[in-house]
Amino acid sequence: MSEPLLKIENLHKRFGEIEVLKGVDLAMNKGEVVSIIGSSGSGKTTLLRCINMLEDYDDGIIAIDGETIGYRLDGGRRVRRREKEIALQRAMTGMAFQQFNLFPHMTALKNVMLGLTKVKGMDKSEAEALAERWLERVGLLDRRHHYPGQLSGGQQQRVAIARAIAMAPKLMLFDEVTSALDPELVNEVLNVVRGLADDGMTMLLVTHEMQFAHDVSSAVVFMHEGRIGEQGAPAEMFRQPKTERLADFLRNAKF
Amino acid sequence: MELQQFLSEVWIARNALIAGLGNTLAISALAIVAGTLLGILVGLAATYGHAALRVITRLYTDFLRGTPVFVLILACFYILSVIGVQLTAFQAGTFALALFCSSHVGEILRGALQAIPKGQVEAAKSIGLTFPQTFLHVLMPQALRQILPTWVNVATEIVKGSTLLSIIGVVELLLAVQQVIARNFMSLEFFFLAGFLYFLINFALERLGRYLERKVALPT
Amino acid sequence: MDYNFNFGVVWRNFDLLLSGLALGLGLALVSIAIGCVIGLALAFGMVSRNRLLRALASIYVTAIRNTPILVIILFAYFALPQLGVRLGKIESFVASLAIYAGAYLTEVFRAGLVALPAGLREAGLAIGLTEMQARRYLTLPVMLRNVLPSLSNNFISLFKDTSLAAAIAVPELTFYARKINVESFRVIETWLVASLLYVLTCYVIAALLRQAERRLAIPA
Numbered sequence: 001m002s003e004p005l006l007k008i009e010n011l012h013k014r015f016g017e018i019e020v021l022k023g024v025d026l027a028m029n030k031g032e033v034v035s036i037i038g039s040s041g042s043g044k045t046t047l048l049r050c051i052n053m054l055e056d057y058d059d060g061i062i063a064i065d066g067e068t069i070g071y072r073l074d075g076g077r078r079v080r081r082r083e084k085e086i087a088l089q090r091a092m093t094g095m096a097f098q099q100f101n102l103f104p105h106m107t108a109l110k111n112v113m114l115g116l117t118k119v120k121g122m123d124k125s126e127a128e129a130l131a132e133r134w135l136e137r138v139g140l141l142d143r144r145h146h147y148p149g150q151l152s153g154g155q156q157q158r159v160a161i162a163r164a165i166a167m168a169p170k171l172m173l174f175d176e177v178t179s180a181l182d183p184e185l186v187n188e189v190l191n192v193v194r195g196l197a198d199d200g201m202t203m204l205l206v207t208h209e210m211q212f213a214h215d216v217s218s219a220v221v222f223m224h225e226g227r228i229g230e231q232g233a234p235a236e237m238f239r240q241p242k243t244e245r246l247a248d249f250l251r252n253a254k255f
Numbered sequence: 001m002e003l004q005q006f007l008s009e010v011w012i013a014r015n016a017l018i019a020g021l022g023n024t025l026a027i028s029a030l031a032i033v034a035g036t037l038l039g040i041l042v043g044l045a046a047t048y049g050h051a052a053l054r055v056i057t058r059l060y061t062d063f064l065r066g067t068p069v070f071v072l073i074l075a076c077f078y079i080l081s082v083i084g085v086q087l088t089a090f091q092a093g094t095f096a097l098a099l100f101c102s103s104h105v106g107e108i109l110r111g112a113l114q115a116i117p118k119g120q121v122e123a124a125k126s127i128g129l130t131f132p133q134t135f136l137h138v139l140m141p142q143a144l145r146q147i148l149p150t151w152v153n154v155a156t157e158i159v160k161g162s163t164l165l166s167i168i169g170v171v172e173l174l175l176a177v178q179q180v181i182a183r184n185f186m187s188l189e190f191f192f193l194a195g196f197l198y199f200l201i202n203f204a205l206e207r208l209g210r211y212l213e214r215k216v217a218l219p220t
Numbered sequence: 001m002d003y004n005f006n007f008g009v010v011w012r013n014f015d016l017l018l019s020g021l022a023l024g025l026g027l028a029l030v031s032i033a034i035g036c037v038i039g040l041a042l043a044f045g046m047v048s049r050n051r052l053l054r055a056l057a058s059i060y061v062t063a064i065r066n067t068p069i070l071v072i073i074l075f076a077y078f079a080l081p082q083l084g085v086r087l088g089k090i091e092s093f094v095a096s097l098a099i100y101a102g103a104y105l106t107e108v109f110r111a112g113l114v115a116l117p118a119g120l121r122e123a124g125l126a127i128g129l130t131e132m133q134a135r136r137y138l139t140l141p142v143m144l145r146n147v148l149p150s151l152s153n154n155f156i157s158l159f160k161d162t163s164l165a166a167a168i169a170v171p172e173l174t175f176y177a178r179k180i181n182v183e184s185f186r187v188i189e190t191w192l193v194a195s196l197l198y199v200l201t202c203y204v205i206a207a208l209l210r211q212a213e214r215r216l217a218i219p220a
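Protein chains in written order, with the numbering used here: chain P, 1 to 255; chain L, 1 to 220; chain Z, 1 to 220.
Only chain P is shown next, with the shape it has when bound in the complex (with noise of 0.2 angstroms):
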């Protein structure tokens, strides 16, 4: 078997003297779509912010297509990468925000040419096609001159998207998408995700969608204090779940 996209290895990762992570393990495949749920605080979110390295981590190895992310190894030391070098590393994952985060002093067109034009270096008018292309799919062409204080929270999310997949990465994360959001607006998200998944995009979501997680992943992961607690294809998870503590957790969700 070839060697995964994303490998993840005793992750640890402390705030303060609370340890958020306490040694996870986790592999994924190009192509793969996996789910990570469980209850709050239990680190899923910790966990893909690792991976963006929008935390640093504080021991274990975190590897996209083999290279080792935000650190090498320099004769068995952590060395912390260059900050250029991580801002390179993190173009290569995307990253959707539970709060969208997309900039507010920019259009939707311009949020998501920003990447393009100054991580990518492409030039405006190459940019300015490739966001179209990318608005067009997540069905916000005719929005692309709005302000984000100009849509509604679904939209948001969906440019939010756009800007993410825009730039190309190997791996998307997802990261409880839909929460903010009201509830008649969660379907246009999760549409757009589903779309992604159908496409063979790698991606690792954090959800609370149950039935969206259950209908798109590839693989579930339960996540319990900050351990990986099960993990498994997604029928065999939510139908026979083995240990107690999942039983329990999805006896309380919501699907």
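Think of the hints as simulated: they come from the structure by calculation, not from any bench.
A virtual CB, placed ideally from N, CA and C, is assigned to each residue, including glycine.
Among the hints, erroneous ones may be present.
[Unchecked claim] Residues from chain Z shown here face chain P by an in silico Cβ test under 7 angstroms; the list is partial: (1) Glu91; (2) Ala123; (3) Ala126; (4) Thr201; (5) Ile205; (6) Ile218; (7) Pro219; (8) Ala220.
[Stated by the list, open to error] Here are the simulated lysine to aspartate or glutamate pairs, DMTMM-like style, with alpha carbons at most 25 angstroms apart: (9) Z:Lys89 to L:Glu189; (10) P:Lys120 to P:Asp199; (11) P:Lys120 to Z:Glu122; (12) P:Lys242 to P:Glu32; (13) P:Lys110 to Z:Glu122.
Model the placement of chains L and Z on the given structure of chain P, informed by the hints.
Using the frame of chain P, we list chains L and Z on its own:
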């Protein structure tokens, strides 16, 4: 040694410096107290007065806040004597600072009073309080807590503004220091001393304000 | 009060007053421009992880904000030459005002930076921008728009503070008003016109800046 020389110069000038410091404190205290009392009236008129009174207080505060303090001081100093009000430079300058203070206190008090939810007045009415009672027991205690931090800022502005009286010949701290410098030419050291003393006064004011804030803060 | 108003001499010297007003505006503009550079640098210092930077920036802000501007002006003009730094009247005044403004603007920018949602910078990093790029394209443009109203207030304050340039004989509005006052004894007329010029200018600046704020506002 230079430090020794500076300290001995300070010692020689101690009486003049202490007198100047005393004047600065007196000017500031008088202006702050008088200005605050006047400002409370202005704030009340601006919030609860009839339409005409509100327009007048608006003009009053806008005019005083739009004019530089220095111009206010010069204007009071020159104009009052021409219209037959004989004031010393000390009195005219302090009066100007008090006017300046009143316009700011009036404005922040108006803001604080208007920010109190209407429901408070209605609740007071419904338990049978008259407006003066409502004002005294319900509105003012809230408004005063609210304006305390800004009021301390205004007070420090007054202390700093008191230096401008030196220009109309009031021997407060800054002019006292300048007179000392004229004798010994140690401008660097003595301006530093002046700055440091003002810093101490304002720092003390700020601490006092923080202390009061904590003391009157409502438990949450 | 028997005072006969006669604005003749004031009108005859009106162009002098206007030239003084223009100089004041120019001084305020240059000072706030330099002050913004100081303020931005120190504001980033105040939110940085480096303890020394944070301490230095907050010492600057606390010291300058509690020192009267007149002390700084006199220090720059009369005491700096003792250190071998000889500045002209205008240069030393602009330096003083810029240093003074820098302290206030540091607070404005710091508050603006702290108020930004963390997600703004993070979303930039997530698409691969470096810290410097995220600052330049995201943090700064959004923060500057948010603090524009405070910047406007500071500019108006600074404009009023330019009246203090008269203390070292820089020929701005207050300087000419004093001159006309002393030469003509048309005391009330002179100060009334001078005050009104300040008040009106403040109004116009405020209106223009509000207009600019509206045009630069992020559509919502």
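Which of the listed hints are not met by the structure? 1, 4, 5
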